[in-house]
Structure formats: structure tokens, C-alpha cells
Amino acid sequence: MKQDLHLWLIPLLALVGAAINGLLGKRFSRQTVVAVALAFSGAAFAMALFVASQFSSLSPIPHVETLTPWLRSGSFQVDFAFYLDQLSLIMLLIVTGVGFLIHIYSVGYMWEEGGFYRFFSYLNLFMFFMLTLVLASSYLLMFIGWEGVGLASYLLIGFWFTKDSAAAAGKKAFIVNRIGDFGFLIALFLMIQHFGSLDFTKVFEAAKPYAAETSGVGFLTAIGILLMLGAAGKSAQIPLYVWLPDAMEGPTPVSALIHAATMVTAGVYMVSRSHVIFERAPGALTVVAIIGTLTAFFAATIGIAQTDIKKVLAYSTVSQLGYMFMACGVGAFSAGIFHLMTHAFFKGLLFLGAGSVIHAVGGEQDMRKMGGLRSKIPWTFWTMTVATFAIAGIPPLAGFFSKDEILWRSYQASWAYWLVGVVTAFITSFYMFRLWFMAFTGEYRGDAEAGHQGMAGEAPAPHGSVPHGHGHGGIHESPMVMIVPLVILAVLSFVGGWVGVPGSLGGSNHFDKFLGPVFRSTVPAVNTEHAEPGEAAPPEQTTEGAEPKTGHATEITFTAISVGAGVLGLFLAWLLYKQRTELPDKIADSAHSLYSALAHKYWIDEMYAAIFVKPLVVVSSVVFWRGVDRGIIDAALDGSAETAKELSDNVRHMQSGNLRSYAGWIAIGATGVVAYMVWVWAVAR
Amino acid sequence: MVPLSYYLILSGILFASGVTGFLIKRNIITIFMSIELMLNGVNLSFVAFAAHWQQLSGQVFVFFVMVVAAAEAAVGLAIIIALFRTRETLNIDQVNLLKL
Numbered sequence: 001m002k003q004d005l006h007l008w009l010i011p012l013l014a015l016v017g018a019a020i021n022g023l024l025g026k027r028f029s030r031q032t033v034v035a036v037a038l039a040f041s042g043a044a045f046a047m048a049l050f051v052a053s054q055f056s057s058l059s060p061i062p063h064v065e066t067l068t069p070w071l072r073s074g075s076f077q078v079d080f081a082f083y084l085d086q087l088s089l090i091m092l093l094i095v096t097g098v099g100f101l102i103h104i105y106s107v108g109y110m111w112e113e114g115g116f117y118r119f120f121s122y123l124n125l126f127m128f129f130m131l132t133l134v135l136a137s138s139y140l141l142m143f144i145g146w147e148g149v150g151l152a153s154y155l156l157i158g159f160w161f162t163k164d165s166a167a168a169a170g171k172k173a174f175i176v177n178r179i180g181d182f183g184f185l186i187a188l189f190l191m192i193q194h195f196g197s198l199d200f201t202k203v204f205e206a207a208k209p210y211a212a213e214t215s216g217v218g219f220l221t222a223i224g225i226l227l228m229l230g231a232a233g234k235s236a237q238i239p240l241y242v243w244l245p246d247a248m249e250g251p252t253p254v255s256a257l258i259h260a261a262t263m264v265t266a267g268v269y270m271v272s273r274s275h276v277i278f279e280r281a282p283g284a285l286t287v288v289a290i291i292g293t294l295t296a297f298f299a300a301t302i303g304i305a306q307t308d309i310k311k312v313l314a315y316s317t318v319s320q321l322g323y324m325f326m327a328c329g330v331g332a333f334s335a336g337i338f339h340l341m342t343h344a345f346f347k348g349l350l351f352l353g354a355g356s357v358i359h360a361v362g363g364e365q366d367m368r369k370m371g372g373l374r375s376k377i378p379w380t381f382w383t384m385t386v387a388t389f390a391i392a393g394i395p396p397l398a399g400f401f402s403k404d405e406i407l408w409r410s411y412q413a414s415w416a417y418w419l420v421g422v423v424t425a426f427i428t429s430f431y432m433f434r435l436w437f438m439a440f441t442g443e444y445r446g447d448a449e450a451g452h453q454g455m456a457g458e459a460p461a462p463h464g465s466v467p468h469g470h471g472h473g474g475i476h477e478s479p480m481v482m483i484v485p486l487v488i489l490a491v492l493s494f495v496g497g498w499v500g501v502p503g504s505l506g507g508s509n510h511f512d513k514f515l516g517p518v519f520r521s522t523v524p525a526v527n528t529e530h531a532e533p534g535e536a537a538p539p540e541q542t543t544e545g546a547e548p549k550t551g552h553a554t555e556i557t558f559t560a561i562s563v564g565a566g567v568l569g570l571f572l573a574w575l576l577y578k579q580r581t582e583l584p585d586k587i588a589d590s591a592h593s594l595y596s597a598l599a600h601k602y603w604i605d606e607m608y609a610a611i612f613v614k615p616l617v618v619v620s621s622v623v624f625w626r627g628v629d630r631g632i633i634d635a636a637l638d639g640s641a642e643t644a645k646e647l648s649d650n651v652r653h654m655q656s657g658n659l660r661s662y663a664g665w666i667a668i669g670a671t672g673v674v675a676y677m678v679w680v681w682a683v684a685r
Numbered sequence: 001m002v003p004l005s006y007y008l009i010l011s012g013i014l015f016a017s018g019v020t021g022f023l024i025k026r027n028i029i030t031i032f033m034s035i036e037l038m039l040n041g042v043n044l045s046f047v048a049f050a051a052h053w054q055q056l057s058g059q060v061f062v063f064f065v066m067v068v069a070a071a072e073a074a075v076g077l078a079i080i081i082a083l084f085r086t087r088e089t090l091n092i093d094q095v096n097l098l099k100l
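Read top to bottom, the protein sequences are chains A and S. Taken in order, the first sequence gives residues 1 to 685; the numbers are from this note's numbering. Taken in order, the second sequence gives residues 1 to 100; the numbers are from this note's numbering.
Bound-form chain A, shown alone:
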């Protein structure tokens, strides 16, 4: 007897919440809106917990539940079906759990805002699409969710749509994502062509007979690279990462939920889900690894020079996502998902904490105008501290275990990945502690005490046009409804890594083992030397297989190095932003060109504008608009209309109202017809 868990209910609950708030919310009181939003997202979370509790009794895994047929065309068919295995279970719990916490937090953060119901409706809508994405049992349904989260992201980035920059950021995110989606879509077409299906089970079965494309580029490599293009769009990797920093125009809870914890990790999920294909395309895996490594490094360097607290976190997110892709690229999918999970905790927490800080100082986002907040907002300070230590990779917090695992596994693939990874870990630690010191220690440099003039500062006010009216001046701790999610996430950021303690540290990496069945290598035994961790080595055999060879001692050495990198970053940040606060400016002056490059994000946006956007605008306006649209299409239409008008102007005088002239015309016509008939008759003779 197959168990029926009614998986379809989970996304549907979120959709119902979105529909109720979206359609009726305008008339609801704020309390009702909150009740609806929290009830439905909470129910989805409860349902996810129920599914998790039933998971161990499920067999077989993956557990597929077909709701109803969807597309049938010849031999090709796609159903509305949901797919549950270890990977989607973890994603399900992250999305509903972190999502629910952020819903709670938003109640406090957004309470003063206009469009309250709209915000929660969009948030629930996002949950619906994200749950569809992670539970889908076919690439096509996944694509629906994929596009849907893009839509929700667009709506939420542009939530304060009266602000030009927010509206533009929303559009930018949407358009940049289209480029990636294009790759994803082509990959789907290739799959239909070669595997005849988009169903996960069928695609993976159909892919199994193929040997790894170790030399040359076959269709598997093409699919892999195109999928990676899609993932690069959604997960903000080079070359499509440019939308994510701009996406910080959205409300902070949105940044936490969509642009840190869940949506941007969809690309990692998708690549991991397609590991059967990627394993057979080592070329594509190398591309994934290189993109991930480069993104991790470059985004981290940009993060050093940012002054907007949310921008720092945005580049940090891009960088951490780079780590995840690096892990996937070296075949350590479970390490990537592990980092995805811990990142969801600590980066979600960092954003929520940043939101709480911004809230406290009255809408100021510039870190140079913060400082000394430690004693004024103690809850926020302590939770942020946990998150900062977690992301910096200080043991025994969550980030340490996942990052260490990725670095160790990437070293097995190539020392170059490892080296860049460690340097990035150092930079990460540096800019995070820079943020931490700038915001919480030293003297307060802003002017929120004197009133809420910070709103008028140069930084865009995150609270939109609505006055920040808490009815009191000065820095203040956030309300309880915001602090509780912070504390829960802080606990998770602290202990979340303990599920994956590696063997070298006396653990047994339960997380890796749990995901083992999903990522078990399916490549036919061509590469029998699976202990040799080359780039083409089948992934997921290395966890157990490689450790005895290299030994725990080596691994512990590497762990020490990466922790050392984190501590070094902490020390440097302490030196520059706590002890010798005049030094950063001097360094920036002496290395002006470098600093300027970092502060301007390597001028990537300007470069894209010059290379892609401007030519497109020029060609569109000159060739397509003035040339084709006006010159040909409009001209043809206007011309024919003009001709018809002139012709009728002349002909209308024939209708004189004089009956005898009509009779004359009839007679002439009849004569003409008769003459023609006679002529035909004469010719026929």
C-alpha cells in the first residue's frame, strides 16, 4: 500500500493564503492580514514537519505522488506530480521553516508600512512557487516554480514601486533572470529531444546508460552548461550576478527570505537535482566549479568596500552561493546542500539582524553612520554576533562545518579551488567583522538620537515614503515579534552544523549520509579508481572512499588553515575598524585605484550598460522603432488609410441623391455587362 502524504497541500496552503490576502486583504484589518498570512504559512510548515516525521517509513524513495495528468502529447507526457526524497525534504523544511520565521519577523518590520496586505500576499505567493519548485517531480513543473519565484521576487523588490530605484531594480532582476531562464529552457528542450521526457525519474533512468563525456562536448555537457546558465541567473553567479545587489531595494525581510535563504539557492538545488546529468558531463562540472570559485572570490572582494549594510550582505550572499556551486562543481553535492542549509540560517539571520539595526537607527543603511549599537540593541547584537561568527567559519558554529567540508572536498579536486576558497574565507571573515565592528562598536556616528533625520540621508530610506512613526525618537530595540525569529535563527546558526560533523573531528557526518541515496553516483564503472579524486571522478564515493587515503591528519590540517583564515580576517577587521580606525581611509587613499575598483564593483554594471544595454537601446530606437516600426509598419498602415480616404473623398460625390443619375449609372453598367458578354460570345465564335 503506497502512502499518500498529500504533498500537493503544502504549496496549495501558501497559495490559498496569498489568494485570500491578495483578493480580500484590502478590506482586512492588519491583524486579520497577519492571521491569514501566518496561519497558512505556518500550516505549510506544520505539514512539512508532518511529512518529515513520516519520511522514515516511506518506501520507495523517491516518493512520487501524481495529482493529475497535465500535458499529453504523443509519447511525451508531464503530470502534476510531486517528488519527495532526502534532498527535497531538506529544501522543504528550509523553505517552510525559514519562510515561516521571516513571516513572523515581517509582522513587526512591516507594521508601519502601506500595502501591508500586498506584502504578505506576495510573500505567501513566493512560498507557493518556491514549494512548487522544490517539490516538483519534473523539470517542467520545476520551471513553473522557477518562473514563479522570479515573479514574486520582482513584485517584492519593487514593493515600494513609487521609488524609481526600486522599480528599476525589480525590472533588472527580472530581465537578467530571463537570460538564465533562456538557458534553462533550451536545456529542457534538449532533454525532451534526447530523453523524451522531463520527469526526474525518467530522465535520470534515460541518462544512466550514457558514459561520462570525458572528452569532447556532447549533448550532456550542453545540457549541463545550459542548466548552469539558468542556475547562474537565479542564483546570482558570474556573469549574471548583477541583479542581486540591486535587489536590496526590496524590504529587508524579502532580502532575507528570497535573496539570501531560499530563492537564490534554487540554482544550487537544481544543479544538485540534476547531478545524474552533471556526473556524465565533467566539462560542465568544471564550468560550474570555476564559475562558483570565481564568483565566491570576486563578490567577496567587492564586499570589502561597500558601506551600505545590506549591500555588504548581498555581495556576501553572492559569494557564499559561489561556494555552493564550487562544491557542486567538484561533485560534492551534499556539501553544497549542507552549506545551502547553514547559509539559509545564518544569512537569513544576518539580513533580519540588519533589518533590525536599520529599524533601530531609523532607516539608516550606511554603516559609517552607525556604531556603538551594542548596548542599545543587545538582542540584535548577540544574534548578529552568532551569525557573523557562523559565516566567518569559526567553530563550532554552523558555517564552519559546511564551509570546511566544501574546502576539503574542493581540495581533493584541485588545490586551486581550495586556495581561492581559503582566501575567500579570509575575505569573508574580514568584511563580516568589518560590518560587525562598524555597526556595533565604537561611538555612534549617526544622528538618529536627535530625531529621525537619518531618513533624509543619502541612503534610500527602506521604509519608503511612509514616515517612520514609532512615536519615539532615538535608537530602540525591535519589538518582540522581530526578536523571536532572530533568536530561533541564531540557535539554528549555532547548532545547525552539528548534523554534519566530519569524520576527522570525531563525527560521522549524518547529513552527508542522509543525502547519500540521492547523490549516489550512477556513472557506470568506467572510472574504477574512485579513490582518485580527479575532476572526472564519480562524486559521492569520495566521502567514505577518500578519507582513509589522505587520512584525518591532513584533513585536520586543512581545517586548521581555514579556521586560521577566519580568525585572521577577524583580527584584521579588529585592527582596522576597532583599534586603528584611521587606517582604512589611509589604505583606501594609498591604493586608490584598487579601492575605487572595489567600491564601484569593478564597474561591471557600467560595463554591461556599455556593452549590452546601450547598443540595444540605440539599435531598438533607431532601427526598430524609427526604422521598422515607424518607417515600415506605421507608414504602410497610415499610407493605405490615407489612400482609401482620398479615394472615397472623390467617389462620394457620385452619391448625389439624384435618382436619374443613379438610373444612368445602372444603364451604363448594364450596357457594359452586355457588351462584355457579346464580346465573349464573339471571341468564342
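Among the hints, a few may not be true.
Distance condition first, Cα-Cα at most 20 Å in a straight line; then the derived EDC-like pairs of lysine to aspartate or glutamate [stated by the list, open to error]:
| id | chain 1 | residue 1 | chain 2 | residue 2 |
| --- | --- | --- | --- | --- |
| 1 | S | K99 | A | E646 |
| 2 | A | K376 | A | D366 |
| 3 | A | K586 | A | E477 |
| 4 | A | K171 | A | E147 |
| 5 | A | K171 | A | D181 |
| 6 | S | K99 | A | D649 |
Calculated from the model, a selection of chain S residues having no Cβ within reach of chain A, i.e. all distances over 12 Å [said to hold, decoys possible]:
| id | residue |
| --- | --- |
| 7 | Y6 |
| 8 | I28 |
| 9 | Q54 |
From the derived model, a few chain S residues whose C-beta atoms are all more than 10 Å from chain A [what the hints assert, rightly or not]:
| id | residue |
| --- | --- |
| 10 | S17 |
| 11 | S45 |
| 12 | F49 |
| 13 | A51 |
| 14 | V67 |
| 15 | G76 |
| 16 | T89 |
| 17 | D93 |
| 18 | V95 |
| 19 | N96 |
None of these hints come from the bench; they were simulated from the model. For glycine and all other residues, C-beta sits at the position ideal for the given N, C-alpha and C.
Using the hints provided, position chain S relative to the given structure of chain A.
Below, chain S alone, put in the same frame as chain A:
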């Protein structure tokens, strides 16, 4: 026996006088009569052909034409009466309001 051509010539003359009257007359009653003249010219050729080819269909056609002409006369005369009541004239050169 009268040859077919005689009938056809007479028919042509009738039709041509009908057309001429239709084109040159101003009185609407006269025009109406000219139309009847044209119809009868055609009728004559129909029956002439019917007799010549020993075919009944020509004569059947004539009955149809006569029925339609009767109906047309009824409607047409009603229109003319209505027209005269409103405009107090039968000169169609003065009935020229229906135009652009």
C-alpha cells in the same frame, strides 16, 4: 407563323422604350410605368422562346415575373403615395435628400 425574330425585335423595342422613359422622365409614376414596360418586354421574349423551343419553363418564368411585378407594383405605389403625402410632389429631381 410569325418568325421568332419579329417577337424579339418587338421585345427589344419595348425594353428600349422602357429604358429611355426610365432615364429621361421626371414624373415618378411614368418611371414606374417604364419599369413595367421593361419587364413586359422581357416577358415577351420569354414566351416567344418558350413557343419556339416548345419548352414550358419560359412561360413559368413569365408567371414568376408577373407575380413579382404585381408585388412590386403594390409596394411601389404605396411608397409613391407616402412620398406624395410628405413632399407634395412627384418630381424625382426634387426628391434628392438621400445623399452625402
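10 Å Cβ clearance of D93 of chain S from chain A: violated, 7 Å
Given as non-interface: G76 of chain S, partner chain A, CB spacing beyond 10 Å: holds, 13 Å
Non-interface claim for N96 of chain S versus chain A (Cβ beyond 10 Å): At roughly 4 Å from the nearest Cβ of chain A, N96 of chain S sits no farther out than 10 Å, so the non-interface label is violated.
Chain A versus S45 of chain S - minimum CB to CB distance exceeding 10 Å, so not interface: holds, 14 Å
12 Å cut-off, C-beta based - Q54 of chain S kept clear of every residue in chain A: holds, 24 Å
Non-interface claim for V95 of chain S versus chain A (Cβ beyond 10 Å): violated, 7 Å
Status of the stated non-contact between T89 of chain S and chain A (beta carbon gap over 10 Å): holds, 13 Å
Consistency of the no-contact label for V67 of chain S, given chain A and a CB cut of 10 Å: Non-interface label on V67 of chain S holds, nearest chain A Cβ at 23 Å vs cutoff 10 Å.
Cβ separation check - A51 of chain S to all of chain A, threshold 10 Å: holds, 24 Å
Non-interface claim for Y6 of chain S versus chain A (Cβ beyond 12 Å): Given a closest Cβ separation of 21 Å, the condition holds.
No chain A beta carbon within 12 Å of I28 of chain S's: Non-interface label fails for I28 of chain S: nearest chain A Cβ at 8 Å, not farther than 12 Å.
Distance restraint between K586 of chain A and E477 of chain A, which requires alpha-carbon spacing of 20 Å or less: With Cα atoms ~34 Å apart, K586 of chain A and E477 of chain A exceed 20 Å; violated.
Consistency note: the structure conflicts with the earlier hints numbered 3, 8, 17, 18 and 19.
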